[in-house]
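The listed protein sequences derive, respectively, from chains A, B and C. Those letters in the first sequence? Residues 1 to 250, by this note's numbering. Those letters in the second sequence? Residues 251 to 556, by this note's numbering. Those letters in the third sequence? Residues 557 to 899, by this note's numbering.
FYI, nobody ran anything at the bench for these hints, they're computed from the structure. Where hints are given, some of them may not hold.
Here are the simulated lysine to aspartate or glutamate pairs, EDC-like style, with alpha carbons at most 16 Å apart [stated by the list, open to error]:
id, chain 1, residue 1, chain 2, residue 2
1, C, K681, B, D386
2, A, K168, A, E7
3, B, K362, C, E868
Output of the computed footprint for chain A on chain C, the stretches with three or more beta carbons under 8 Å from beta carbons of chain A [unchecked claim]:
id, region
4, 750-761
5, 768-777
Using N, Cα and C, we set each Cβ at its ideal position, and we do this for glycine too.
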Amino acid sequence: MAEPMLELRHLKKAYGALVVTDDVSLSVQKGTLHAIIGPNGAGKTTLIHQMSGLLPSGSGEVVLDGDTITRLPMHERVRRGLARSFQITSILPGFSALENVAMAVQARSGSSFRFFANASREQALNEEATSCLTTVGLGERAGVPAGLLSHGEKRQLELAIALATRPKVLLLDEPLAGTGHDDSQRVVETLRSLKERMTIILIEHDMDAVFSLADRVSVLVYGRVIATDTPAGIRANPEVRAAYLGDEVI
Amino acid sequence: MTATLLFVQSLNGLQFGLILFLIAAGLTLVFGVMDFINLAHGVQYMVGAYLMAAFSAWTGNFGWALLLALPSALAVGLVLEALVFRHLYDRDHLDQVLATFGVILFLNQGVKFVWGAAPLNVPAPGWLAGSVEIADGLLYPVYRLAIIAAGLLVAAMLYLIVNHTRVGMLVRAGASNAPMVSALGVNIRRLFMIVFGFGAMLAGFAGAMVAPILSVEPGMGDNILILAFVVIVIGGIGSIRGAFVAALLVGLVDTVGRSFAPNLLRLLLDPATASQAGRALAPMLIYIFMAAILFFRPSGLFPAKR
Amino acid sequence: MTARAPSGSGTQTRFGRRLGLAPFLLFAAFAVAPFLAAFSGAEGYVLSLLTRVMIFGLAAMSLDLILGYGALVSFGHAAFLGIGAYAVGILASQGSAEILIQVPVALAASALFALVTGAISLRTKGVYFIMITLAFGQMLFFLATSLAAYGGDDGMTVPERSRLFGSRLLESDLAFYWACFLCLLALYGLLRAIVGSRFGRVLRGTRENPVRMESIGYHPFRYQLAAYVISGMMAGLAGCLMANQTEFISPAYMTWQRSGELIFMVVLGGLGSLHGAIIGAAAFLLLEEFLPEFLHAAGFLLQDDMRTRLVENWKMIFGPLLILIVLFARGGIMGLLRRGDHG
């Protein structure tokens with residue numbers, strides 16, 4: 001079996017006596033889409049925070065493409081190819097959609113300690129940013145201040161910003177949350193087209209999307225992974241049905 | 251000789267530290283509970299001193315003057331709260347800094363307007379005048395000992411209020427998580443007002459107590475305000491215990507440092523350079539001390555927020 | 557602190573053009589003023605007041621870089637004025653009045669102080685940052701009061717104004733006025749370029765959402781520290797000019813009240829527009845200068861002694877005015893212009 005692109009080894013996070021994630025181990029192969037599902041409060045977002053470096057881990061390791069990155073700050077992880085989106089939309093509202101993305105392009109192309117030339121006129125940055133916007137279907141809205149975009153558009157912008165860092169691994173925290181039907185169809189199609197280019201870890205409540213996109217699915221309950229399998233395997237797993245799916249139809 | 255001097259300076263430091271604590275206690279609560287940065291806290295100390303001077307001249311009696319000065323200081327605090335501060339709780343720190351800066355300008359000039367620019371003197375009460383022999387041949391002013399006693403008493407009282415009353419519990423809860431307290435259905439505005447008035451009164455009390463040993467003059471609150479900020483930042487914003495420990499530390503470091511820095515430096519440098527460097531270094535000591543503490547503990551010694 | 561600063565995204569349309577006009581008018585006014593002053597009958601007074609306005613404008617503008625574009629409320633900015641002023645005063649009293657020595661020394665000292673104090677201060681956030689910058693400012697203030705050789709508490713007279721290539725050109729108030737004008741114009745251009753550059757864009761990004769900036773690969777600390785150093789050096793230059801104008805240095809340059817006034821100038825003009833800071837400085841100083849006169853005129857109904865008392869205590873009007881501006885004029889003067897534009 002090939003080296004995994006992203007590997008979590010025994011990750012744990014606790015606040016005092018409250019254990020949020022407990023002994024989570026996952027191994028995600030290159031070029032696959034790995035979904036993590038679980039009921040609310042299962043620790044999914046905390047797990048993403050631990051992977052991306054927003055929260056330090058109590059114990060355990062995060063390994064990206066063979067390198068241990070557990071102790072690296074968030075911005076260093078991004079530079080090594082680990083990008084993320086946020087569950088609660090986190091953009092720069094005063095900047096245009098284009099500049100939001102161009103900022104991410106700028107972070108990995110050349111120094112940002114350049115003090116004189118006007119950044120918003122740098123063609124190379126803008127072109128790549130435009131292409132990221134087009135990928136997620138926001139090409140037409142490049143000039144609009146991000147704060148004025150609709151909710152669905154902001155979700156798409158989040159995705160475009162993450163893409164602009166040219167990640168090896170993309171961590172997506174509920175990219176469909178709060179989007180309407182049309183918008184969510186568009187995001188699902190975008191994700192399908194991205195699958196071939198990068199490794200994706202997806203947290204999502206929309207089961208239709210999860211089961212149509214994922215190569216593998218892990219189920220997180222009370223901070224623990226109770227099963228990891230193919231979508232079909234998860235559907236058939238009695239333990240999953242008992243612990244989580246219950247009466248939900250999948 | 252040096253040991254005696256060290257002892258006297260430590261007592262002075264303790265007295266200064268306790269005064270700082272009286273000011274810092276209100277400041278740290280207002281800060282911690284309301285997330286409100288109040289530059290005008292120093293002028294409330296000044297107002298306390300002026301009220302003391304005025305009432306003491308009027309009644310001719312220290313005790314009566316103090317009894318009148320305290321509620322008046324409280325009233326000034328509440329009026330300011332209603333007129334200005336109340337409208338700033340929802341604003342960012344920058345607005346709070348500026349508006350309370352305006353209050354400083356107003357009150358510093360206001361006391362000049364009412365009492366003139368010349369410093370005022372307040373006589374210490376007869377029964378606290380003079381000195382007492384605290385060790386062999388060592389005299390120490392009784393009034394300064396009285397300040398130490400009063401400061402310790404207030405500190406103990408604050409400890410009881412904050413740890414053993416309902417208001418105290420709300421204040422502690424507010425300092426660590428204000429939204430939670432208002433979610434519990436507590437009238438947060440009224441809690442703010444109580445904390446604010448109480449803080450203003452403590453600062454006023456500090457001003458009234460030092461009036462007999464310092465000259466009462468416009469701007470006397472400005473520098474002590476900065477020291478009070480240093481105290482609450484070292485102690486951890488919102489923590490009464492932190493303010494107490496930090497106030498004593500700052501009081502001691504400042505007072506003892508000023509008299510001993512030149513002596514200590516003499517061990518390393520020649521006497522002339524040492525005394526010059528010592529004089530330069532001494533007033534900077536507490537700021538260096540604060541920077542050092544924040545370098546290792548960016549939220550102070552006893553952070554109240556979680 | 558971020559909400560009020562206008563977005564720097566270049567998407568404002570009508571206002572963008574209006575914004576382009578405001579700085580032009582501002583600098584044109586400074587350029588024309590000396591010629592008008594010649595006819596005013598009080599040329600010396602007008603020139604010295606406007607020189608002061610430009611120097612404070614420079615200091616306030618430097619603060620705007622970190623306060624308006626970086627959302628860093630530094631409460632110790634006056635320290636840099638002091639560093640610049642003392643560099644000029646100390647060097648001049650040691651016999652080196654050459655500006656080509658004084659200014660580099662002042663800039664190097666400011667940069668060093670900014671680098672060390674900034675590196676410590678920026679580890680903290682919010683209120684702690686305000687307080688620690690305040691403490692560093694106080695530290696320098698007390699250092700200045702202990703410099704017995706250079707006047708201690710009382711300060712000292714600067715023996716002569718800076719020389720340029722040995723010439724005493726700047727002794728002329730008019731020449732000095734133009735020197736200040738050129739400094740202000742050049743640094744305005746420089747800062748305008750910086751805020752639009754890659755660096756400036758990252759700085760503006762950290763103002764809006766530091767976590768987002770980290771999540772796309774930036775370490776905000778580095779950019780904030782660099783901005784802090786640039787800002788400190790520019791304020792240091794303003795300090796050099798100030799010592800030359802007043803020909804006097806004292807610890808009063810770096811009181812915390814002075815730092816507060818600088819913040820007020822920036823907020824009064826409008827955060828994050830650069831020329832707003834200059835306008836704010838002008839409004840502040842002119843108000844300070846003419847409020848007593850205005851009160852004198854407004855008090856014509858009062859008896860003479862009351863009238864004198866009113867004028868003497870103009871700060872009792874000034875303080876509440878400040879409070880009212882904070883409470884009601886959000887966005888400062890530039891904000892009012894913008895609202896006028898939309899209405």
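Do the hints match the structure? See the list:
Restraint check for K681 of chain C and D386 of chain B: not satisfied, since their Cα atoms lie roughly 51 Å apart, outside the 16 Å limit. Restraint check for K168 of chain A and E7 of chain A: satisfied, since their Cα atoms lie roughly 13 Å apart, inside the 16 Å limit. Pair hint K362 of chain B plus E868 of chain C holds up; C-alpha atoms about 10 Å apart against a cutoff of 16 Å. For the region 750-761 of chain C, the proposed coverage by chain A is satisfied: 10 residues have a C-beta within less than 8 Å of a C-beta in that chain, meeting the threshold of three.
Evaluation of the coverage hint for the region 768-777 of chain C: fulfilled, as 8 residues show C-beta separations to chain A shorter than 8 Å, against a requirement of three.
Checked against the numbered hints given earlier, the structure breaks only hint 1 and satisfies all the rest.
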